[in-house]
Amino acid sequence: MYPPNFNYVRAGSVAEALSLIASEDDAKFLAGGHSLVPAMKLRLDAPGTLIDIGRIEDLRGIAYGSGDENDCIGPLTTHATIASSNLASALVEAAGGIGDPQVRNRGTIGGNIAHADPASDLPTVLTALEASIRVENPSNARNIDAANFFTGLFETSLEENELITVIAVPREGAGTGSAYAKLFNPASRYAVVGACASVTLNNGVVSRARVAVGGLTPMATRCGSVEAALEGRSTDAIKEASAQVASDVGDDILEDIHASAEYRLGVIPVYVERALQAACARAAG
Amino acid sequence: MGVSISLNINGEARSLDNVEPRLLLVDLIREELGLTGTNIGCDTSQCGACTVHMDGLAVKSCTVLAVQADGSDVVTIEGMAEDGQLTAMQQAFWDEHGLQCGFCTPGMIMAGVKLVEGNPDISDEEIRHGLEGNICRCTGYQNIVKAMKVAAQAAA
Ligand SMILES: Cc1cc2nc3c(=O)[nH]c(=O)nc-3n(C[C@H](O)[C@H](O)[C@H](O)COP(=O)(O)OP(=O)(O)OC[C@H]3O[C@@H](n4cnc5c(N)ncnc54)[C@H](O)[C@@H]3O)c2cc1C
Ligand code: FES
Ligand code: FES
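Keeping their order, the protein sequence lines are chains A and B.
Going by numbering that gives the first Met the number 0, the letters in the first sequence line up with residues 0 to 284, in that order.
Going by numbering that gives the first Met the number 0, the letters in the second sequence line up with residues 0 to 155, in that order.
By construction, these hints were calculated from the structure, which means they are not laboratory data.
Any given hint might turn out to be false.
What the hints assert, rightly or not - Residues from chain A that keep clear of chain B, each with C-beta distances beyond 10 Å, as calculated:
hint	residue
1	61
2	238
3	249
To be verified - To spell it out: a stretch of chain B is covered by chain A in this simulated footprint if at least three of its residues, at any positions, have a beta carbon under 8 Å from a beta carbon of chain A; those stretches are:
hint	region
4	34 to 47
5	50 to 59
6	64 to 78
7	108 to 114
As the list claims (entries may be wrong) - Example chain B residues on the side facing chain A (calculated, C-beta under 7 Å, incomplete):
hint	residue
8	20
9	129
10	131
11	132
For clarity, every value in this text was computed on a predicted model and none was experimentally measured.
Yeah, the Cβ is synthetic: ideal placement off N, Cα and C, and Gly gets one too.
Whole structure, please, built from the sequences with the hints as guidance.
In structure tokens form, the structure reads like this:
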């Protein structure tokens, strides 16, 4: 199989990528190509021009913050690099569980979130970690909270001429821990459901809980009811709080050949509980 | 509109003119360079039969555009043995009967070499996890895992 024909241009810098996307008709950025190339081979997508950003070194790599500063991840950073990094543990864990080693060697965090597949792992994790996504167009730059970045099934608040330039993730201080728990699709390794939790423990009490789920909803979804049911209580309340997830996910539950909506709703509390237990263990340890 | 690319393939510098941007790396390797050891199984990024090394990393060449490989070092199964001397991984597949029909074998070997690199005591579980992107349609996994364990030790 081969993709439909397209024009190929290579951007040497962020400025060049932004001016190309403004001037080319029907163009898309190409990062690792591990969502876009398969989609094009299947004729699910047929952009007229691909702007290859894969060689812009400024967009690759991790700059660790110190103290209260965020860790800043370049969008071209691969899943393999994140999986062996010192970033927040949930992100490291999720990146290490994406696809397989070959996919992790090519796929990037920027491409993963721009693609916004409901079965992807990183949207869920970045939502729970309250990451902030910096995007630029030729005349402007803005920061979007992860919670406002994902807007629907394969949909984000990115405009067509905007490039993701930084993903900023809060550092985990002492007493804070995070984890990601996923029900793997046995063939593709995508998430049938996935849950991410970030918690802060104070003398055995959960003083702060952030929870998000994915795989069962059209986009990554923050779970305010679970968080509220746990905050101010001990870790003994995790199971009970996890059961609240049903009231956070709404009625639009995904259903496909891999799992029914009923099944996804049935298992999600288990994965929320696992993520919370592991996050609390890390926060305590 | 064709693009000119050059790459190092199994240690040999090659330049190609007028490459269609949509040409996949695996088709460049098989059709343009005539190196047919790299197989196409699924053509949908699942099976790993097309695995090659690109700048030292195992990648699925059915999911990389040839233009993305411009300027890189690519090694295929043909680039493994030197002067007819099999590498430890190839020898272990032979000794441990790690293949049946052999279709998945080039991809298994290219993935396996990277998997065991620097990890002589790799466990069965680590190998099985590391082979998530490689499918053997003959289901000969027992001996594939065995071969990789032997090769990990031999390469150390
Ligand atoms: C076999 C297989 C298994 C997989 N399993 C999983 C899994 O378990 N979990 C998971 O989460 N994912 C999985 N993936 C998807 C994988 O993570 C992709 O790498 C990722 O979704 C896309 O990243 P990319 O760099 O390849 O992006 P590309 O395919 O290059 O691009 C994807 C989209 O993002 C846009 N884009 C890329 N970079 C930017 C940027 N900086 N700014 C704006 N737009 C941009 C592109 O224009 C395109 O629309 C799997 C993929 C495969 C092939
Ligand atoms: S042919 Fe490339 S992964 Fe199957
Ligand atoms: S040996 Fe036949 S596919 Fe693996």
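| request: Could you tell me which of the numbered hints above are not met by this structure, giving the numbers in increasing order? | output: As far as the earlier hints go, not one is violated by this structure.
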